[in-house]
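Participant: Each chain, written out:
Number of protein chains: 2
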Amino acid sequence: MHYYPLSPTILLMTEKYLSTDSYKGVRDFYPEDMAIQRYIFSTWAKTAERYGFERYDASILEPSALYKAKGAENEEMVNEQTYTFIDRGDREVTLRPEMTPSVARMVAGQRHELSFPLRWYSIPNLFRYERPQRGRLREHCQLNCDIFGASHYTADVELISLAYQTLIDFGAKPDMFEIRVNSRKLMQEQISDKLISPDLLPDYLRLVDKKAKISNDEFIKEEKKLIKDGASVAIVINDKVSQVLQGLISLGIQNAKFDSTITRGFNYYTDTVFEVFDVSGENNRAMLGGGRYDNLTEMFGGEAISGIGFGMGDVTMRDFLETHKLIPEYIRSTAPHVIVIPMTEEENMPAELIAQHIRKAGITVSTDIGIRKVGKKIGDASTRGARFIIVIGENEVSSKQLTIKNLLSGEEHTGELGSLMNYLDVK
Amino acid sequence: MHYYPLSPTILLMTEKYLSTDSYKGVRDFYPEDMAIQRYIFSTWAKTAERYGFERYDASILEPSALYKAKGAENEEMVNEQTYTFIDRGDREVTLRPEMTPSVARMVAGQRHELSFPLRWYSIPNLFRYERPQRGRLREHCQLNCDIFGASHYTADVELISLAYQTLIDFGAKPDMFEIRVNSRKLMQEQISDKLISPDLLPDYLRLVDKKAKISNDEFIKEEKKLIKDGASVAIVINDKVSQVLQGLISLGIQNAKFDSTITRGFNYYTDTVFEVFDVSGENNRAMLGGGRYDNLTEMFGGEAISGIGFGMGDVTMRDFLETHKLIPEYIRSTAPHVIVIPMTEEENMPAELIAQHIRKAGITVSTDIGIRKVGKKIGDASTRGARFIIVIGENEVSSKQLTIKNLLSGEEHTGELGSLMNYLDVK
Numbered sequence: 007m008h009y010y011p012l013s014p015t016i017l018l019m020t021e022k023y024l025s026t027d028s029y030k031g032v033r034d035f036y037p038e039d040m041a042i043q044r045y046i047f048s049t050w051a052k053t054a055e056r057y058g059f060e061r062y063d064a065s066i067l068e069p070s071a072l073y074k075a076k077g078a079e080n081e082e083m084v085n086e087q088t089y090t091f092i093d094r095g096d097r098e099v100t101l102r103p104e105m106t107p108s109v110a111r112m113v114a115g116q117r118h119e120l121s122f123p124l125r126w127y128s129i130p131n132l133f134r135y136e137r138p139q140r141g142r143l144r145e146h147c148q149l150n151c152d153i154f155g156a157s158h159y160t161a162d163v164e165l166i167s168l169a170y171q172t173l174i175d176f177g178a179k180p181d182m183f184e185i186r187v188n189s190r191k192l193m194q195e196q197i198s199d200k201l202i203s204p205d206l207l208p209d210y211l212r213l214v215d216k217k218a219k220i221s222n223d224e225f226i227k228e229e230k231k232l233i234k235d236g237a238s239v240a241i242v243i244n245d246k247v248s249q250v251l252q253g254l255i256s257l258g259i260q261n262a263k264f265d266s267t268i269t270r271g272f273n274y275y276t277d278t279v280f281e282v283f284d285v286s287g288e289n290n291r292a293m294l295g296g297g298r299y300d301n302l303t304e305m306f307g308g309e310a311i312s313g314i315g316f317g318m319g320d321v322t323m324r325d326f327l328e329t330h331k332l333i334p335e336y337i338r339s340t341a342p343h344v345i346v347i348p349m350t351e352e353e354n355m356p357a358e359l360i361a362q363h364i365r366k367a368g369i370t371v372s373t374d375i376g377i378r379k380v381g382k383k384i385g386d387a388s389t390r391g392a393r394f395i396i397v398i399g400e401n402e403v404s405s406k407q408l409t410i411k412n413l414l415s416g417e418e419h420t421g422e423l424g425s426l427m428n429y430l431d432v433k
Numbered sequence: 007m008h009y010y011p012l013s014p015t016i017l018l019m020t021e022k023y024l025s026t027d028s029y030k031g032v033r034d035f036y037p038e039d040m041a042i043q044r045y046i047f048s049t050w051a052k053t054a055e056r057y058g059f060e061r062y063d064a065s066i067l068e069p070s071a072l073y074k075a076k077g078a079e080n081e082e083m084v085n086e087q088t089y090t091f092i093d094r095g096d097r098e099v100t101l102r103p104e105m106t107p108s109v110a111r112m113v114a115g116q117r118h119e120l121s122f123p124l125r126w127y128s129i130p131n132l133f134r135y136e137r138p139q140r141g142r143l144r145e146h147c148q149l150n151c152d153i154f155g156a157s158h159y160t161a162d163v164e165l166i167s168l169a170y171q172t173l174i175d176f177g178a179k180p181d182m183f184e185i186r187v188n189s190r191k192l193m194q195e196q197i198s199d200k201l202i203s204p205d206l207l208p209d210y211l212r213l214v215d216k217k218a219k220i221s222n223d224e225f226i227k228e229e230k231k232l233i234k235d236g237a238s239v240a241i242v243i244n245d246k247v248s249q250v251l252q253g254l255i256s257l258g259i260q261n262a263k264f265d266s267t268i269t270r271g272f273n274y275y276t277d278t279v280f281e282v283f284d285v286s287g288e289n290n291r292a293m294l295g296g297g298r299y300d301n302l303t304e305m306f307g308g309e310a311i312s313g314i315g316f317g318m319g320d321v322t323m324r325d326f327l328e329t330h331k332l333i334p335e336y337i338r339s340t341a342p343h344v345i346v347i348p349m350t351e352e353e354n355m356p357a358e359l360i361a362q363h364i365r366k367a368g369i370t371v372s373t374d375i376g377i378r379k380v381g382k383k384i385g386d387a388s389t390r391g392a393r394f395i396i397v398i399g400e401n402e403v404s405s406k407q408l409t410i411k412n413l414l415s416g417e418e419h420t421g422e423l424g425s426l427m428n429y430l431d432v433k
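From first to last, the protein sequence lines are chains A and B. Here the first sequence is numbered in our numbering, starting from 7 and rising by one per residue. Here the second sequence is numbered in our numbering, starting from 7 and rising by one per residue.
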């Protein structure tokens, strides 16, 4: 027989083998990790939906102009910190580094068809071209929740209470985390141009944003460069921030406080900004952050639609859940409820028929049609955490008498498949 | 008051507005489309899980070598039909055009920890750089199901029956679609080198693959270039394909047949190949396709692990469901169950408190804290498909007597919130 060059085998004999590593800074999700990821995503989705948030999505590919529109500083960010390339149609494309510009684009695009206030959420994957570090990868996912078309402070209260509730729904206690609230508008109002030259204010806010990450000496040194001689900055809470905090208290949320060092990295925030921190000391980075952006849809023309939103990352979320031991053990098990084990290849097809019957009752079931010995197959079913096994050989096929074994209790029952179904239907 | 340059507004005044269009060939998912997408994904997931398939995922970013490893022809495919670029670390990166190489990489990477047979599924988004056309976009999603480490024909039967069951679980009837099965090995065995020069066989299989898309004359013309003078190709069914078809029949699947024109585009298939077609005539492209690939993990070194898998696209799936009117109407509604409507801004915060109470019972609820007139708010709640509204004004706040209105029946009930909860708990 002649071997035709359909298979890569021969070609590869002479070549170096490929690495099984993923691309640098991204993750492979094997079933156990994927189960945890899905648990996080489904908890996020359930909480957001209880608040009446509707789910949307967009492509990860966006025109680069979407991120560059906000000024030269953004252009630098796009060029240096994102995956941006030119496609063959000479279009500049970016793998989205955040979701807010995409959702602003979508809302602006259907502003006349949509009815406001709009509550939207999404769980996008986002890309940043930066050095991988704890809690920061080149690709990560985020829960993004936004309210559009409601500028009243109640929207701020509700959105922050949703962020709070998300953590509570994972089993977190309020004393495990802290919500820190500030206002960009407040800072603009209170930092007069007697203290800071207006063109240096964005630099000052960024400096404040990284205050926790640098030494106090360094902060003072940098602050001196920006603040006029002899001036000193002291920000005090204003009415809007007070209302938001009081609103949270009236909803029973006690772990929110005013913090004038919260400024957020993105330039588009205009008023309320907030971040949530793990107070265990294990995870220093903010678990989630957000704020109000009153002008973002303006870049698409038309009247501005006020928005407030937050983003909550999957990596920091998982770190938090693991630190506080909040991932239930059962989440990790992805084994089917029943495994049917044929003794030889002869029983493979009968095993499939039995599995099909069980499956019709909505029960998860698989067959072990591998070539391992039966003992190995049974041991493996147990290790994986299956609840029941059915071993079938020649006798079982001819007599139609099957034995199911409960791997948890050791109990066994023998009979025709139909009569055994009740035993299987145990959660 | 001085305006600091925090907002993009001023900058944008002098610039052209940005377009709200998405990048070419990709989709925005507004809530109604997203709801349909989620319905498709969750139906896929539920069916695969009933078969004992475990979910995995990987990043969309993969080293380009993963796709180029299979020979020069693949190199051409990568260069011309994928999004491939060089990152700043001089690594060549590709946005994954298909999932099979990624799953082979992951399986090979943990071959010693995993227990076989392995049943894995994923719902990845995939990228192709091609002209957008019906059923083919630059980004689309696919259900990918694979069985590794089971070379017995039963695995082929089970995998095809899973593909069949997926469609049935969407409400499809067996006479709406057809499963066409062939074998690459069969073709290799039967197309001897007396008929075709071995190096031309891949070209011949690709020609057969596109037979349905070109005219008969064109097919014959192209076939003549590849087949030796005077020869003619006639493929007849063999034992393995017969066993697979008989296995399907024993599982009650009647709409599968042998079809020697099914060859599949990918070169890595080695034996069974199959495709599923809509028979309505509305959608010509295969809805799903797959096959057995016995050597794919070899490119990572070590012994080959046999795999069989299929991919089913979301775009063709939705076309099929729409053609056969299989998308339930209720899926499209994403409105919350209850909407609390404050009459003025004064009642915004009381509305949030009421919503919070209702939400604790697991009911989806939102507040209409926009600035529209109450009549507009009520009309909108009804248009969106909410089931209940609670309008609150000054009187309701002071008396604590609320009225809930069932928008479907028109029924109203008045009382304290606690006593009204039973009425809300109607599905």
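Quick caveat, the hints were computed from the structure, so don't treat them as lab data. Warning: the hint list may mix true and false statements.
Since the list gives no way to pick one copy over another, a pair counts as held whenever it fits inside one copy or between any two copies.
[As the list claims (entries may be wrong)] Each computed DSSO-like pair below joins lysine-lysine, with the alpha-carbon atoms no more than 30 Å apart:
(1) Lys331 with Lys200
(2) Lys179 with Lys74
(3) Lys406 with Lys379
(4) Lys366 with Lys231
(5) Lys30 with Lys230
(6) Lys406 with Lys22
(7) Lys30 with Lys227
(8) Lys219 with Lys74
(9) Lys331 with Lys366
(10) Lys263 with Lys246
(11) Lys246 with Lys382
(12) Lys52 with Lys411
Participant: If a hint holds in the structure, say so; if it does not, say that too.
Facilitator: Going down the list of hints, with the structure as the test:
{"no.": "1", "hint": "Lys331 with Lys200", "result": "neither (50 Å within a copy, 67 Å between copies)"}
{"no.": "2", "hint": "Lys179 with Lys74", "result": "neither (40 Å within a copy, 50 Å between copies)"}
{"no.": "3", "hint": "Lys406 with Lys379", "result": "within (22 Å within a copy, 70 Å between copies)"}
{"no.": "4", "hint": "Lys366 with Lys231", "result": "neither (72 Å within a copy, 51 Å between copies)"}
{"no.": "5", "hint": "Lys30 with Lys230", "result": "neither (39 Å within a copy, 48 Å between copies)"}
{"no.": "6", "hint": "Lys406 with Lys22", "result": "neither (52 Å within a copy, 76 Å between copies)"}
{"no.": "7", "hint": "Lys30 with Lys227", "result": "neither (36 Å within a copy, 48 Å between copies)"}
{"no.": "8", "hint": "Lys219 with Lys74", "result": "within (27 Å within a copy, 43 Å between copies)"}
{"no.": "9", "hint": "Lys331 with Lys366", "result": "between (37 Å within a copy, 24 Å between copies)"}
{"no.": "10", "hint": "Lys263 with Lys246", "result": "within (13 Å within a copy, 70 Å between copies)"}
{"no.": "11", "hint": "Lys246 with Lys382", "result": "between (66 Å within a copy, 28 Å between copies)"}
{"no.": "12", "hint": "Lys52 with Lys411", "result": "between (36 Å within a copy, 25 Å between copies)"}
Of the numbered hints given earlier, the model fails hints 1, 2, 4, 5, 6, 7; all others are met.
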